[in-house]
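**Q** Letter by letter, the chains look like this.
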Amino acid sequence: MEIKVVQKVLSVNERMAEENRRLFSEKGVCVINVMSSPGSGKTAILEKTLARMAGKVPSAVIVGDVCTTHDADRLARTGVPVLQINTDAFGGDCHLAAHVVEKAAGELDLSRIQLLFVENVGNLVCPAEFDIGEDRRVVVMSVTEGEDKPLKYPVMFRTCHVTLINKTDLLPHLDYDLAKAKENVLQVHPDMPIFTVSAQTGEGMTGWVDWLKACVEEKVSGGR
Amino acid sequence: MFVKTWGGWGNFVPRRSAMHEMGIAMEILTIASASIPEPLKGAKVRSIRLKVGKLTAVIPESLRFCFDIVSKDTPLSGAHLHIEEIPVVARCKACQNQWTLSGPSFSCPFCESGKLEILSGRELDIDAIEIEEDDDGKPVKGKA
Ligand SMILES: Nc1nc2c(ncn2[C@@H]2O[C@H](COP(=O)(O)OP(=O)(O)OP(=O)(O)O)[C@@H](O)[C@H]2O)c(=O)[nH]1
Ligand SMILES: [Mg+2]
Ligand SMILES: [Zn+2]
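Going line by line, the protein sequences match chains A and B.
My numbering puts the first residue of the first sequence at 1, with every later residue one more than the last.
My numbering puts the first residue of the second sequence at 1, with every later residue one more than the last.
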């Protein structure tokens, strides 16, 4: 005997993500989901970015980490509210799900911020499938990884709105083909904006920060 | 834990743990359990039919493996996951051509435009569940 179901497996997450999106819109908060392989420099980029937003765009960070608080400690030094999610408590998950972000957001005073970063768990597979109610999705890859990352993880690169290529300060020491890397990004996602940055030296951060400010402005003025 | 090739997409193989499918297997268990009508609660489920797009990061073998673990000691224990893999089909917004992608190249093979619409390949759906019946067509009771 067959029973028809016809339902999306991730429908619970999707519903929750939509609820988050509604809440964030109501509060005028622009939410940026930051994803990468472990160690590509998400935390370092956020540290530099938050320093540049200080006094201009009130911000906060939610950071997912499997079991440490290192990233949260680093980010808290920038002076913005930081919420650490130990995904271990949610079954050691390899991504942040919408209900986890909802819990964390509930701990923040959303009426005081305009920009909320979510540093996802270092992983290019799982976070691609889980909507958390963000406005923009950002993927970071670094020049110490292969140029073929976009080809290996096309879903991630297709679902993101912008790519950051980090650690450009190391380029002189590597034989990394930056042009090839960009070409690969554009192969899976034509027209995707790409910023090459160094979280170490701050090089290239201006373009990225301006892009972010434009997103915040659009959101605050109720454009999306 | 698991190093598996990604169905048919050649060398483009994400290497990672089985964690991802674990969460998905749990969702499937929840939805399938909730879909069994009240009078049939506790009946043995023979199979669950799923549609899985090739663009999702789900490897059928890993998903079956995880489902066997999470469904242990439930009425769905032993249910077979019948997975229909859905190819990635795109349509070019510039020239309207439609084709099946065989790898992660997302520009039109006819006019090279990058403006595509993905028509299928991201599905992750439960279609139906099948309840086990005895020779008289009566539902068989499950273990738990
Ligand atoms: N040379 C150089 N090193 C960098 C740069 N950005 C980050 N790093 C270093 O790379 C390492 C990882 O950086 P993180 O910012 O912790 O990376 P992450 O993506 O947050 O890592 P996880 O949260 O563990 O996934 C650290 O040792 C950083 O100091 C950069 O632009 N240049
Ligand atoms: Mg980090
Ligand atoms: Zn075309």
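Hints listed in this document are in silico derivations from the structure and should not be mistaken for laboratory results.
It should be emphasised that the depicted structure is a prediction, and the values quoted were computed from it without experimental measurement.
Glycine residues also receive a C-beta, built at the ideal position from the N, C-alpha and C atoms.
Keep in mind that the hints are not guaranteed to be accurate.
Claimed, not checked - Stretches of chain B that chain A covers, calculated by requiring three or more beta carbons in the stretch to come under 8 Å of a beta carbon on chain A:
1. 53–67
2. 71–84
3. 125–133
Said to hold, decoys possible - Calculated lysine-lysine pairs in the DSS-like style (CA-CA distance at most 25 Å, straight line):
4. B/K141 to A/K4
5. A/K4 to B/K41
6. A/K182 to B/K51
7. A/K4 to B/K115
8. A/K8 to B/K138
**Q** All the hints need checking, so say for each whether the structure fits it.
**A** We went through each hint and held it up to the structure:
no.	hint	verdict
1	53–67	holds (count 3)
2	71–84	violated (count 0)
3	125–133	holds (count 8)
4	B/K141 to A/K4	holds (20 Å)
5	A/K4 to B/K41	holds (15 Å)
6	A/K182 to B/K51	violated (33 Å)
7	A/K4 to B/K115	violated (36 Å)
8	A/K8 to B/K138	violated (29 Å)
When each numbered hint is compared with the structure, violations occur for hints 2, 6, 7, 8.
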